[in-house]
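Trainee: Whole structure, please, built from the sequences with the hints as guidance.
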Amino acid sequence: MNGRAARRRGMTEKAWVRWGLTGIAVLYLGIFLFVPLAAVFAQALEKGVGVYLDAFREADALSAIRLTLLTAAIAVPLNLVFGVAAAWAVAKFDFPGRQVLITLIDLPFSVSPVISGLIYVLIFGLQGWFGPWLTDHGVKIIFAVPGLVLATVFVTFPFVARELIPLMEAQGTEEEEAARVLGASGLKTFLRVTLPNVKWGLLYGVILCNARAMGEFGAVSVVSGHIRGATNTIPLHVEILYNEYNFVAAFAVASLLALLALVTLAVKSLAEWKFRAELAGRKMEQGGRS
Amino acid sequence: MKKNGRRNILPGFSLTMGFTLLYLSLIVLIPLSAAFIKTAGIPWARFVETVTSPRVVASYRLTLWTSLLAAGVNLVFGFLAAWVLVRYRFPGKRLVDALVDLPFALPTAVAGIALTSIYSANGWIGRYLEPLGIKVAFTPLGVAVALTFIGLPFVVRTVQPVLEDLDAEYEEAASCLGANRRQVFLRVLFPPLVPALLTGFALAFARALGEYGSVVFIAGNMPMVSEITPLIIITKLEQYDYAGATAIAAVMLVASFLLLLAINGLQWWVARREVFR
Chain D
1 MNGRAARRRG MTEKAWVRWG LTGIAVLYLG IFLFVPLAAV FAQALEKGVG
51 VYLDAFREAD ALSAIRLTLL TAAIAVPLNL VFGVAAAWAV AKFDFPGRQV
101 LITLIDLPFS VSPVISGLIY VLIFGLQGWF GPWLTDHGVK IIFAVPGLVL
151 ATVFVTFPFV ARELIPLMEA QGTEEEEAAR VLGASGLKTF LRVTLPNVKW
201 GLLYGVILCN ARAMGEFGAV SVVSGHIRGA TNTIPLHVEI LYNEYNFVAA
251 FAVASLLALL ALVTLAVKSL AEWKFRAELA GRKMEQGGRS
Chain F
1 MKKNGRRNIL PGFSLTMGFT LLYLSLIVLI PLSAAFIKTA GIPWARFVET
51 VTSPRVVASY RLTLWTSLLA AGVNLVFGFL AAWVLVRYRF PGKRLVDALV
101 DLPFALPTAV AGIALTSIYS ANGWIGRYLE PLGIKVAFTP LGVAVALTFI
151 GLPFVVRTVQ PVLEDLDAEY EEAASCLGAN RRQVFLRVLF PPLVPALLTG
201 FALAFARALG EYGSVVFIAG NMPMVSEITP LIIITKLEQY DYAGATAIAA
251 VMLVASFLLL LAINGLQWWV ARREVFR
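From first to last, the protein sequence lines stand for chains D and F. For the first sequence, counting from 1, position 51 maps to 51 in my numbering; every step adds exactly one. For the second sequence, counting from 1, position 4 maps to 4 in my numbering; every step adds exactly one.
These are calculated hints, taken from the structure and not from any lab test. For each residue, glycine too, the CB sits at the ideal point set by N, CA and C. Please note that the accuracy of each hint is not assured.
Said to hold, decoys possible - Label-pair distances were calculated between CB atoms; the ranges are:
no.	chain 1	residue 1	chain 2	residue 2	range
1	D	Ala178	F	Arg89	39 to 45 Å
2	D	Ile227	F	Val225	30 to 36 Å
3	F	Asp165	D	Gly225	48 to 54 Å
4	D	Gly23	F	Ala179	23 to 29 Å
Claimed, not checked - Straight-line Cα separation of at most 27 Å, DSS-like style, residue types lysine-lysine; simulated pairs:
no.	chain 1	residue 1	chain 2	residue 2
5	D	Lys199	D	Lys188
6	F	Lys93	D	Lys14
7	F	Lys93	D	Lys268
8	D	Lys274	F	Lys93
9	D	Lys199	D	Lys268
10	D	Lys199	D	Lys274
11	D	Lys188	D	Lys274
Said to hold, decoys possible - Covered, in the sense of this in silico footprint (three residues per stretch, anywhere, with C-beta under 8 Å from a C-beta of chain D), are these stretches of chain F:
no.	segment
12	31 to 38
13	77 to 83
14	102 to 109
15	127 to 139
16	148 to 159
17	243 to 257
Mentor: Following this line, the structure appears as structure tokens:
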């Protein structure tokens with residue numbers, strides 16, 4: 001609603017009420033969001049830039065960074081392919097049980113991260129279903145990299161799909177049908193028609209999926225076994241440093257993840273801005289349908 | 001979509017659907033069912049004994065009340081924040097709006113250590129609360145603070161779009177007919193927001209129930225006092241008590257699935273109200 005027009009018609013609150021409410025809201029968001037974020041960087045730089053950078057010269061920190069990059073490099077593309085496939089099937093076609101499928105795709109969101117790790121321990125752990133077989137064949141999944149990847153894939157499973165489904169649904173199928181009628185192949189239709197329409201939503205989904213993959217703690221903590229230099233990701237390395245009272249190093253390494261979070265938020269704002277036209281289109285369509 | 005019975009001429013349905021179902025089963029459904037199959041293998045008496053032992057029950061109680069408190073705080077202030085972000089203008093508004101999603105993007109462990117440092121006795125906020133006799137870090141209150149952080153975006157982000165879509169006409173009509181601002185708010189603006197508010201509350205609550213990373217640092221993790229249920233699962237796993245961990249996990253999973261059902265019901269209600277508006 002246009003603020004100025006509203007005020008003219010006497011449709012908004014008195015000025016002091018407005019500023020009072022704004023003040024309380026900003027204070028609430030400031031205390032719970034801005035202060036923790038600022039604290040990460042303040043604590044990391046407490047003893048100067050030199051000490052800050054020292055935290056990244058340590059071999060364990062470097063191996064944690066490498067492992068986190070590797071985990072995300074496997075988990076994110078897997079969930080990207082799944083997300084696109086699932087969105088295509090769910091958003092462009094109608095079939096019985098469609099709503100149930102959407103709920104199932106969202107399921108990992110409602111599972112505690114600790115349980116997300118536990119279920120893989122129950123399957124691949126020493127006492128798990130495949131545990132004895134895996135030990136006999138010398139394959140290690142739990143307390144090793146494959147376990148970390150599996151747990152990360154589970155936790156970040158819905159992100160791309162959930163970002164794409166509402167978007168592709170809102171855009172309907174007319175454009176794709178036109179492309180098909182004009183003789184474009186299925187793949188070409190997807191690449192030339194569907195993809196450009198959803199590219200910003202897709203980008204945000206991937207970036208968010210990546211941020212969560214790199215930052216996952218609970219699930220990864222269960223399957224990792226905390227072997228320094230071998231199965232520690234960045235968040236687990238932060239935990240170890242913190243529990244050793246090495247606060248500056250802990251916050252220094254944590255600041256990497258905080259920067260990643262800020263980049264994620266920036267991409268989200270950009271995506272929303274780029275998408276305003278299409279969002280407006282979606283609202284019009286919803287208005288027409290109801 | 002075959003909305004009006006037309007034949008869908010788009011290709012790739014069986015391929016994408018087949019892949020979706022395969023991947024979903026391999027990554028999510030089969031592993032999750034493992035938790036229930038393993039639970040079924042535990043003798044009933046032992047299961048009951050594990051999930052009702054005093055330490056575990058104390059953790060349920062703590063997890064429940066801190067999650068409720070956190071979701072309640074977010075309900076009130078999240079609604080206020082959504083209202084202010086949609087209806088008023090102030091400098092820095094876009095920045096504040098973008099920051100609301102921070103808890104989705106910031107890793108929980110980072111949030112955990114940051115909150116602990118802020119609320120500990122000599123922290124930025126803790127040093128002012130300590131003289132007042134309020135201890136936050138390493139107490140159940142700290143758990144509630146961490147859960148408030150984690151659940152903050154949900155109410156704001158579910159209420160915001162509904163608030164944006166509210167038609168100004170009804171508001172105008174009501175004030176033309178002589179309703180004062182409070183009446184307009186209570187009778188015209190607030191009722192359509194109720195389903196969205198409840199959905200946001202339920203989502204924040206559900207997220208808080210399972211949260212682990214941000215809580216373990218600030219909680220102090222004292223058995224019977226500030227130990228959350230997910231931490232008990234981890235402790236049992238570290239003691240190689242897989243059956244015990246699985247039993248508690250099954251209880252938590254059932255609780256989350258019931259909540260998920262409730263949330264789906266709420267969202268269905270929201271969608272229905274939108275159609276009738």
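Trainee: So, for every hint listed, does it hold in this structure?
Mentor: Now the hints, each set against the structure:
Between Ala178 (chain D) and Arg89 (chain F) the Cβ separation comes to about 41 Å, which falls inside the hinted range of 39 to 45 Å. For Ile227 (chain D) and Val225 (chain F), the Cβ-Cβ distance of about 31 Å falls inside the hinted range of 30 to 36 Å, so the restraint holds. Against the hinted window of 48 to 54 Å, the Cβ-Cβ separation of Asp165 (chain F) and Gly225 (chain D) comes to about 49 Å, which satisfies the hint. About 26 Å separates the C-beta atoms of Gly23 (chain D) and Ala179 (chain F), a value consistent with the hinted range of 23 to 29 Å.
The hinted pair formed by Lys199 (chain D) and Lys188 (chain D) meets the criterion: a straight-line CA distance of about 15 Å does not exceed 27 Å. Only pairs whose Cα atoms come within 27 Å are accepted, and Lys93 (chain F) paired with Lys14 (chain D) is accepted, the gap being roughly 20 Å. Of the pairs offered as hints, the one joining Lys93 (chain F) and Lys268 (chain D) holds, with about 15 Å between alpha carbons and a cut-off of 27 Å not exceeded. Simply put, Lys274 (chain D) and Lys93 (chain F) have alpha-carbon atoms about 18 Å apart, close enough for the 27 Å limit, and the pair holds.
Between the alpha carbons of Lys199 (chain D) and Lys268 (chain D) the distance comes to roughly 12 Å, so the proposed pair stays at or under 27 Å and holds. Taken as a hint, the Lys199 (chain D) and Lys274 (chain D) pair is honoured in the structure, with Cα atoms around 10 Å apart against an allowance of 27 Å. Pair hint Lys188 (chain D) plus Lys274 (chain D) holds up; C-alpha atoms about 24 Å apart against a cutoff of 27 Å. With a cut-off of 8 Å between beta carbons, the segment 31 to 38 of chain F has 5 residues touching chain D; three or more are needed, and the interface restraint holds.
Look at the segment 77 to 83 of chain F against chain D: 4 of its residues bring a Cβ nearer than 8 Å to a Cβ of that chain, three or more, so the hint holds. A count of 8 residues in the segment 102 to 109 of chain F with a Cβ less than 8 Å from any Cβ of chain D is obtained; the coverage claim is therefore met, three being the minimum. Check result for the segment 127 to 139 of chain F against chain D: violated, 0 residues qualifying (beta carbon to beta carbon below 8 Å, three or more required). Residues of the segment 148 to 159 of chain F with a Cβ under 8 Å from some Cβ of chain D number 3, which satisfies the need for three, so the listed coverage holds.
Only when three residues or more bring their CB closer than 8 Å to a CB of chain D does the claim for the segment 243 to 257 of chain F stand; here the count is 7, and the claim holds.
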